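Starting from the known structure of chain A, fit chain B onto it as the hints suggest.
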Amino acid sequence: MENNSLFTKIFSGFKKKNRMLSDDTYSKLLIIPAMIVLAFFGIFPLFYSINIAFRHVDLTSGPNAAWTWVGLQNFKYALNDQIFWKASGRTLFFAAISVSIQMLLGIFLAFQINKLKWFKDIIRVLFLFPMASAPAAIGMIWRYMYDSDFGVFNAALVALGLHPHNWLGDAKLALFSIILFDVWQWTPFVMLITLAGLQSLPKEPFEAAELDGASNFRILSKLTFPLLSPVLTLIFILRSIDAARLYDPIASTTRGGPGSVTETVTYLLYRVGLKQFKLDIACAEALIILYVIVVFSGLVLKRLMRQQSERARTK
Amino acid sequence: MKRSFSIALGLLIVLNLVLSGCSTKAPVATEAAPAATEAAPAATEAAPALNKDVTITWATLAGFYTDWAKKLADEFTAETGIKVNIVEMDLPTMYEKEVLDIVGGTGAYDIITWNVSWKAEWANNEYIYPLDDFIARDSADVDFNDIPSALEAVSGQWKGKTYGLPYYTFTPGIFYRCDLFENADEKAAFKAKYGYDLDIPQTYDQMADIAEFFSRKAGDTLAGKTISNDFYGIGVMAGRYTNIFDEVNTIAWTIGGDVINDDGTPGVNSDAYVKALKLYVEKLVPHAPTGSLSGSYDFVISQLNTGLIAMTGPMYLDQWANAVKAEDNIPGAEVCAAPLPGIGKTWAGAFTLGIAKSSKNVDASWQFLKWITGKKAQLAFAQGGGTTTRKSILSDINFAKEHRKTAGHFPVVSYILDNASQCWYTNYNYVVEAAKIYEEAPAWLSAAASGEMTPEEAMNGFAAKINEFCNGKCQILNEGVTKPAADNAACTSWSFDRSLQIRK
Numbered sequence: 001m002e003n004n005s006l007f008t009k010i011f012s013g014f015k016k017k018n019r020m021l022s023d024d025t026y027s028k029l030l031i032i033p034a035m036i037v038l039a040f041f042g043i044f045p046l047f048y049s050i051n052i053a054f055r056h057v058d059l060t061s062g063p064n065a066a067w068t069w070v071g072l073q074n075f076k077y078a079l080n081d082q083i084f085w086k087a088s089g090r091t092l093f094f095a096a097i098s099v100s101i102q103m104l105l106g107i108f109l110a111f112q113i114n115k116l117k118w119f120k121d122i123i124r125v126l127f128l129f130p131m132a133s134a135p136a137a138i139g140m141i142w143r144y145m146y147d148s149d150f151g152v153f154n155a156a157l158v159a160l161g162l163h164p165h166n167w168l169g170d171a172k173l174a175l176f177s178i179i180l181f182d183v184w185q186w187t188p189f190v191m192l193i194t195l196a197g198l199q200s201l202p203k204e205p206f207e208a209a210e211l212d213g214a215s216n217f218r219i220l221s222k223l224t225f226p227l228l229s230p231v232l233t234l235i236f237i238l239r240s241i242d243a244a245r246l247y248d249p250i251a252s253t254t255r256g257g258p259g260s261v262t263e264t265v266t267y268l269l270y271r272v273g274l275k276q277f278k279l280d281i282a283c284a285e286a287l288i289i290l291y292v293i294v295v296f297s298g299l300v301l302k303r304l305m306r307q308q309s310e311r312a313r314t315k
Numbered sequence: 001m002k003r004s005f006s007i008a009l010g011l012l013i014v015l016n017l018v019l020s021g022c023s024t025k026a027p028v029a030t031e032a033a034p035a036a037t038e039a040a041p042a043a044t045e046a047a048p049a050l051n052k053d054v055t056i057t058w059a060t061l062a063g064f065y066t067d068w069a070k071k072l073a074d075e076f077t078a079e080t081g082i083k084v085n086i087v088e089m090d091l092p093t094m095y096e097k098e099v100l101d102i103v104g105g106t107g108a109y110d111i112i113t114w115n116v117s118w119k120a121e122w123a124n125n126e127y128i129y130p131l132d133d134f135i136a137r138d139s140a141d142v143d144f145n146d147i148p149s150a151l152e153a154v155s156g157q158w159k160g161k162t163y164g165l166p167y168y169t170f171t172p173g174i175f176y177r178c179d180l181f182e183n184a185d186e187k188a189a190f191k192a193k194y195g196y197d198l199d200i201p202q203t204y205d206q207m208a209d210i211a212e213f214f215s216r217k218a219g220d221t222l223a224g225k226t227i228s229n230d231f232y233g234i235g236v237m238a239g240r241y242t243n244i245f246d247e248v249n250t251i252a253w254t255i256g257g258d259v260i261n262d263d264g265t266p267g268v269n270s271d272a273y274v275k276a277l278k279l280y281v282e283k284l285v286p287h288a289p290t291g292s293l294s295g296s297y298d299f300v301i302s303q304l305n306t307g308l309i310a311m312t313g314p315m316y317l318d319q320w321a322n323a324v325k326a327e328d329n330i331p332g333a334e335v336c337a338a339p340l341p342g343i344g345k346t347w348a349g350a351f352t353l354g355i356a357k358s359s360k361n362v363d364a365s366w367q368f369l370k371w372i373t374g375k376k377a378q379l380a381f382a383q384g385g386g387t388t389t390r391k392s393i394l395s396d397i398n399f400a401k402e403h404r405k406t407a408g409h410f411p412v413v414s415y416i417l418d419n420a421s422q423c424w425y426t427n428y429n430y431v432v433e434a435a436k437i438y439e440e441a442p443a444w445l446s447a448a449a450s451g452e453m454t455p456e457e458a459m460n461g462f463a464a465k466i467n468e469f470c471n472g473k474c475q476i477l478n479e480g481v482t483k484p485a486a487d488n489a490a491c492t493s494w495s496f497d498r499s500l501q502i503r504k
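Protein sequence lines correspond, in order, to chains A and B. Each residue of the first sequence is one higher than the one before, starting from 1 at the first, in our numbering. Each residue of the second sequence is one higher than the one before, starting from 1 at the first, in our numbering.
Think of the hints as simulated: they come from the structure by calculation, not from any bench. Certain hints may be false.
Capping the alpha-carbon separation at 25 Å, the derived lysine to any residue pairs in SDA-like fashion look like this [said to hold, decoys possible]:
| id | chain 1 | residue 1 | chain 2 | residue 2 |
| --- | --- | --- | --- | --- |
| 1 | A | K275 | B | N124 |
| 2 | B | K97 | A | N80 |
| 3 | A | K275 | B | R137 |
| 4 | A | K275 | B | K71 |
| 5 | B | K71 | B | L61 |
| 6 | B | K159 | A | F129 |
| 7 | B | K360 | A | G151 |
| 8 | B | K159 | B | E182 |
| 9 | B | K161 | A | I141 |
| 10 | B | K71 | B | M89 |
| 11 | B | K465 | A | G151 |
| 12 | B | K97 | B | F469 |
| 13 | B | K465 | A | H56 |
| 14 | B | K83 | B | A62 |
| 15 | B | K325 | A | R306 |
| 16 | A | K86 | B | T242 |
| 17 | B | K473 | A | N80 |
| 18 | A | K86 | B | A153 |
| 19 | B | K159 | A | I141 |
| 20 | B | K360 | A | A65 |
Predicted, not measured: the structure shown is a model, and the values here were computed from it.
Next up, chain B with everything else stripped away, as it sits in the complex:
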């Protein structure tokens, strides 16, 4: 028995070695998308009714945005017969789930959702279909000009081709308690201490001053009232999530820093970037609630809603519908949205939809993609509390006034995106390794924020990793991209029309 068992085990091992040794090549991507050779349907007609047995699967971000999408997907099915299966994913795990599906060629997901940082890798590696032919065929439905150029360039385009259409934007700004900022006593005290008026911060040094000013202990006064709990000047997303990278980059871009230098070397250990990180670690984090070191954006919004902080740091403005709940929870509170010190020099980006190369339902996927990013669905999204990617809706002041609790931030977002189209450029968006850099960043930035390493040590470590990812210098594939003009006044001075804020 022992001998025959040993023989059987030996055969099993040999068989496994042979089978595993045979798989030495990466799976080959499927063919490029078929050209749309059929005549485009007239703009007024509904999408052509396709095979009613088709079910497409959309991998997307879990959250209230997807709850909205499920209702709209039913409408799409009623119109076209195409069923839509929505698979929700938590953002921290979305990247690898989608990559594994595409690389493995399983075809589990037809439409995939990506964050700005993943686009370069996916487009360059041919994980997603170029959509130009589809867009040209269905140009009336897509109405490309209604998508902010900054969003489309950053989120959906690569080497002159369009790979995706944005469906909701998280462009950052700042949320602050305008009732506190406009309180006469607080304004007088601030002016006396800092020598300038308390207002929306126009630089990050001013943000640090305001954060320090509003940090109070239990028993101190705030807006004329004695507080029973500690109050903090700012909320930051300093936990080990990609949010911290978004925050620090936003600061760095304002003072001339960048993740990747023009020569392809890492910029994270440059003087400007380290200065930005030091400002974050030494002047913002100390004035944030202690939970910030393990928190992400939802914790900061909760801090605002429960009256714990006076303002956020760089925060995704799509969280407006959640942020404004502070007005219901805190008597006398009013929340305002505003641009950051760099205005458009921030993540002018969106979650974007594209068609996976492994999809077996390309045409049906395109039908849904153009539908969900189209005006009708985007208007419904906006009414439901989502931050649309349609210029016509974002810039509609009357719409924002009518739907203040869900769309009150739209004019501010529109302003930021206009500014971004003129003023924002980062080499990082044109580097194929951006996805890896994005996923690696939190470990190093969190190490600096928590004090485990100094900012210099952390950034030197991060720079070494970037070198490893790029095998030396990173290749910046930005041919044809126009950088902002250095002498553009809109990009060098801060300005903001207060009428864009939809007040209570």
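The following block holds chain A by itself, in its conformation from the complex:
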């Protein structure tokens, strides 16, 4: 498909004039703007954080405080910090439960919507609303919906003759309330991507399977899911990374409470870095989390790449 962007037109003209410009060079030139943006907003902050993580940096220690080199001291502190480990464990628990529910529910919804003959497009658009809404605004609305005294959830429970709950104030319930919020907001994402994947699957293998008399379960297990696995793996990785970085719902509902039962690792980093202004510790802890996420993503992707290679070889 022709790329008609202004940038492409300029360089196409440039290429036509300069016959020494190869396709290879041309393609490199096209990605330079994206690389510059990535460098300034992604790579430079990353290396700046790495620098800070090896120094003593407290923004509130006075106007002339030097950022002295401390080596691995911040990492030692982070690795010995019980609060950091508890927040990490809590985040892992949250991500495991929330992402699992989102995947199951999202895939189920995608299959159901894929079968619809009418209103498919309207339903798809409606499902966009939770994801498209401003997280802070949605968080505030959910905070009021969850309120024990005035909230709509308890009003509904009482109307049905059921016992109301202290959704955000009960230490045993608060994290699950956040999970419910997260599932509501991001299941549509899983559904939409899965639906797109379903709709892009080739029809021929399914027609052949039907002709051969394969059962629905066999088609699902041997055809649909294996063909969908790259899409589902990608969704799983993206949702897991997002869940690990959970911040907005916490900031707008519980602020990590009651106690610290909903304090995720990102919220802890916010507290350490922007309330205590211990940027050194916050950067060290952030790098540890980054490392874990990269390793996790790498392992999952490696498995997927191996499956794809095997499939390509058997064709």
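Chain B only, in chain A's frame:
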């Protein structure tokens, strides 16, 4: 392609390492404020007309107080030509937004607003300009003597210099349903159960008794009527917000506890402080609506307005205009304000305005600062429902009577501030790390309130954090500060002139 791409990526990484490695020093603060060497304008003249192209930015708290300020800012612009851009912030995020601007030297905010706990850090780190020269030059406009001394000392002064002027006070007291407290049936029942008269609590143990007494289930009677929903004796701000620190400190100060001991060690795990926290957790929270464990001050006011609670715990009296709406919502209800058991031993504080060191419009900022904290603007603020920081307005009983729904609490606030100037002292106000301690406190106090930890465990954890912030003992920079006299009767016994309550 692969080789050249790898080379390009490698160069990019090296470049980033070099650039980030170069930034190893904190930004240096700009120079101290220029001395006001010009002659002060006469008191009756308007502020000098400055460059009409000047726009100053004021970072302040979002809320109805700022809605009022926007209208007044237009008046200021009409008088002086200086435009005022008001940036509203939610209180939980205000601290870091302002610090990042000042430390980064962006100059985005000219006038900044601070909470009491942040002042020591900002003044000590030279984030804000001392204002003494400006105040001396424009003394008639400022009229320093009209600002309650307790407020100014706590909110605006540091090491003998003035860094800010308070513009609205949140000094706590108690709101209670005086119609319930004065109901004959309730009074008789209370006396029979507890052996003393039902009245404004003079100790926190009495507050706990009243909270327990007024907690009723649906189907019970309240003031002679059968209630259809549960009713609670008290509303508390037990969510993970800084409000919980305000409440527990107020209790602790009344029984001799403090955040920081006289020797600089943490006082939060002292017997007195833990006792205060236990009273809060074991005797007040259980009689509060369940939503209290995730709520802040606005939730408590809503609980009062909807007839869910008989009284608040330590509550910011500037919420009077919201609290008194209960009288419109609940037939027969009357809301009264009163001092807390410790009277002035509470957060006699205010949101205070100062000029950021990163400001590029210092003179224009001072013009607006003195204007918005001056009598004229403060009177308009008071008429609009704000709790002024001007003594002359706060102590004007006739003003309070004329504006009961917005200023009915003023005489009580005035009384509390007078008492605070004689009776309230806390080491915490003189510790540079107070801001960090303030932001850290909710995590630990909420852990105790919710039962995640025992009060002792939570306070030991909090004490360890305070030690970490202070690198050992905290330095208490209170030279020249006079502590209250131990034998002052006003500070050891509770008294309150009921004529200060503006009744319906």
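Right, here's what the structure says about each hint:
For the proposed pair K275/A and N124/B, the alpha carbon gap of about 17 Å is at most 25 Å, so the pair holds. Restraint check: the Cα-Cα separation between K97/B and N80/A comes to about 29 Å, which exceeds 25 Å; the hinted pair is violated. With a C-alpha separation of about 37 Å, the suggested pair K275/A and R137/B falls outside the 25 Å cut-off, and the hint is violated. A hinted pair counts as satisfied when its Cα atoms are at most 25 Å apart, and K275/A with K71/B does not qualify at roughly 32 Å.
Note on K71/B and L61/B: the hinted pairing holds, with a Cα-Cα distance of about 15 Å set against a maximum of 25 Å. In summary, the hint linking K159/B to F129/A is not supported, as the alpha carbons are separated by about 54 Å, beyond the 25 Å threshold. At most 25 Å may separate the alpha-carbon atoms for a hinted pair to count; K360/B and G151/A exceed this at roughly 47 Å. Using a Cα cut-off of 25 Å, the hinted pair K159/B and E182/B is violated, with the two alpha carbons roughly 47 Å apart.
Pair hint K161/B plus I141/A does not hold up; C-alpha atoms about 44 Å apart against a cutoff of 25 Å. Our distance criterion of 25 Å between C-alpha atoms is met by K71/B and M89/B, whose separation comes to about 18 Å. Proximity of K465/B to G151/A is assessed by CA-CA distance (about 36 Å); at most 25 Å being required, the pair is judged violated. Taking the CA atoms of K97/B and F469/B, the gap is near 20 Å; set against the 25 Å cutoff, the hint holds.
Between the alpha carbons of K465/B and H56/A the distance comes to roughly 18 Å, so the proposed pair stays at or under 25 Å and holds. Between the alpha carbons of K83/B and A62/B the distance comes to roughly 19 Å, so the proposed pair stays at or under 25 Å and holds. In summary, the hint linking K325/B to R306/A is not supported, as the alpha carbons are separated by about 67 Å, beyond the 25 Å threshold. Only pairs whose Cα atoms come within 25 Å are accepted, and K86/A paired with T242/B is accepted, the gap being roughly 22 Å.
Simply put, K473/B and N80/A have alpha-carbon atoms about 22 Å apart, close enough for the 25 Å limit, and the pair holds. Of the supplied pair hints, the one linking K86/A and A153/B is violated, its CA atoms being roughly 41 Å apart against a limit of 25 Å. Of the pairs offered as hints, the one joining K159/B and I141/A is violated, with about 44 Å between alpha carbons and a cut-off of 25 Å exceeded. For the hint pairing K360/B with A65/A, the CA-to-CA distance comes to about 23 Å; that is within 25 Å, so the pair holds.
In the structure shown, a violation is registered for the earlier hints numbered 2, 3, 4, 6, 7, 8, 9, 11, 15, 18, 19, in ascending order.
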